[in-house]
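Residue numbers (our numbering), protein chains in the order written: chain A, 1 to 316; chain B, 1 to 316.
A hint or two may mislead.
The list treats identical chains as interchangeable, and a pair is accepted whether it falls inside one copy or across any two copies.
Below, a list of computed lysine-lysine pairs in the DSS-like style, where the Cα atoms sit at most 30 Å apart [as the list claims (entries may be wrong)]:
1. K79 with K293
2. K51 with K293
3. K293 with K211
4. K293 with K232
5. K232 with K211
Calculated directly from the structure, the hints in this document are not laboratory data.
There are 2 protein chains.
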Amino acid sequence: MARTVDVAELVARAREGQPRAVARLISLVEDGSPQLPEVAAALAPFTGHAKVIGLTGAPGVGKSTSTNALVAAFRRQGKRVGVLAVDPSSPFSGGALLGDRVRMGDHATDPGVFIRSMATRGHLGGLSWATPQALRVLDAAGCDVVLVETVGVGQSEVEVVSLADTTIVLLAPGMGDGIQAAKAGILEIADVFVINKADRDGADVTARDLKYMISLGRRDREGPLWRPPVVKTVAARNEGLDEVVEAIEGHQRWMAEHGELEERRIRRAAAEIEAIAVERVRVRFGQTDQLAKRVVAGELDPFSAAEQLISANLGK
Amino acid sequence: MARTVDVAELVARAREGQPRAVARLISLVEDGSPQLPEVAAALAPFTGHAKVIGLTGAPGVGKSTSTNALVAAFRRQGKRVGVLAVDPSSPFSGGALLGDRVRMGDHATDPGVFIRSMATRGHLGGLSWATPQALRVLDAAGCDVVLVETVGVGQSEVEVVSLADTTIVLLAPGMGDGIQAAKAGILEIADVFVINKADRDGADVTARDLKYMISLGRRDREGPLWRPPVVKTVAARNEGLDEVVEAIEGHQRWMAEHGELEERRIRRAAAEIEAIAVERVRVRFGQTDQLAKRVVAGELDPFSAAEQLISANLGK
């Protein structure tokens, strides 16, 4: 039996910026505590302040270094910063291999920065379940900015988009050529492109190709048009990060002007509500073994079996 | 309005092995046709014969070449072979970039081979939705073996496991070192390991490391123990593929002896039924915008919103 937690007190302490209270709340979220609905209800009135920045890119482009440098840039502006590092690449073995304090050493002792690695293991739908709740914790705890960093592999990139107000796609020279970018679908998800390791050969070519792809890709879009800027950085030397922050702020201003921020947040909340509701329903379904056996035997097709499952457990 | 199809006739023609009927049925499945339940019901009595082989691995290990060579090996045994090539890496841009006939040129004109690239775009849950139905089509059409080939990136590997009777994980020398393998969780999902490009330096080291990791990883498993064999191939020169087929057959015999095949298929069907039922329920939920707006405004938390959604649409 898990210990019952005094949620109201924990939220009050998190609101005062006590790191241990914040950590405890995120743990409750991550572990899928039975008190999760209570936690969510207690947090709700204090949410909506933080800007959520998604940061994604292929392995090797320097995501952690960039996150680190971006945190420093926001800190120079006096902002409180939260970081959620999500690694969905390990569904079975689970978890980030490096400790939070090791990987974000620069900010380990800064009380204005809260860093957390999220394991997505065991969470149905990966990011879609625990991460939005962890975001709410950091938001309620007074973070002005929350950076969500993920490994750039297909599905997780899409999920970052559903979480973030502004999505940054990181590339590196030679890795981000046009076809790769188009294939990975990153043209559609990026609000800001960052070419990291821009001191390397080929950075200009990558930037030029990217701008060309952007000009092609967005031509026939409906609605207001945001043209993602392309910013060059050398994150390991802290170069170009203020420009990234400017680009983010530019995107946020554009969204505010076009009502897009509200739109995105509503879409995000809708997806979140639906995911929770679906999970609730799934629990009600209970065992499906008998139906599954009949499907395996060819006596029943899976659609008829699903209908039977619904009518037996949800009525109608 | 989509044209209504004579499903019974189409299934009859697919059962005679007519490629166009098979292709048409898979298209109905992939497009999420309203006739999908009818198709599934018509196929059910003819399913359960095909062995489903999952084939996954990181980009660059030679998946397509290996699939091609493996098809040839099964053809030498006189088996009818289906191939489903699934590329989930492109959620937005959608679809495999290469045509089916281009990528599997060797077998393009062989009537004993049916090849299909699946786009996972737009399918909720990626593979979990359309691919099992496409499998049923190939199964009912008389395929003895269906190979499901996916890009090896996290989630998709897991989904291959949920589809396949036997899962092959492809590695290449230098790419498949121990930590990488452990990190990717592939030790847990592989029934057979294939080290392709085994004529390259380091193949023996990779094989040895892998065997060592296998011996460590499976030690404390419950239930009957299958120790995945490690087979070396040079798929581009058609070397070692008969040994892969032998390893697959060995695994299938082992599963039959331990009742594991039935177990896996029941688990697979159960997941499939649940996914379909969840999708049906999701449709019933309808619009969530009003609830989402209240969540964004901090008036409501997402868990309470989900409860309201359920009680408004499903009763209770």
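K79 and K293: within-copy, between-copy, both or neither at 30 Å Cα
between (57 Å within a copy, 27 Å between copies)
Within a copy, between copies, both or neither: which one fits K293 and K232 at a CA-CA cutoff of 30 Å?
This pair counts as neither: shortest intra-copy Cα distance 57 Å, inter-copy 37 Å.
Indicate which option fits the pair K51, K293 if close means a Cα-Cα distance not exceeding 30 Å: within, between, both or neither.
between (49 Å within a copy, 17 Å between copies)
Intra- versus inter-subunit Cα pairing at 30 Å for K293 with K211:
For K293 and K211, neither the intra-copy (54 Å) nor the inter-copy (35 Å) Cα distance is at most 30 Å.
My question is about K232 and K211: at a cut-off of 30 Å on alpha-carbon distance, are they close within one copy, between copies, both, or neither?
Close inside one copy (13 Å), not across copies (44 Å); limit 30 Å.
Consistency note: the structure conflicts with the earlier hints numbered 3, 4.
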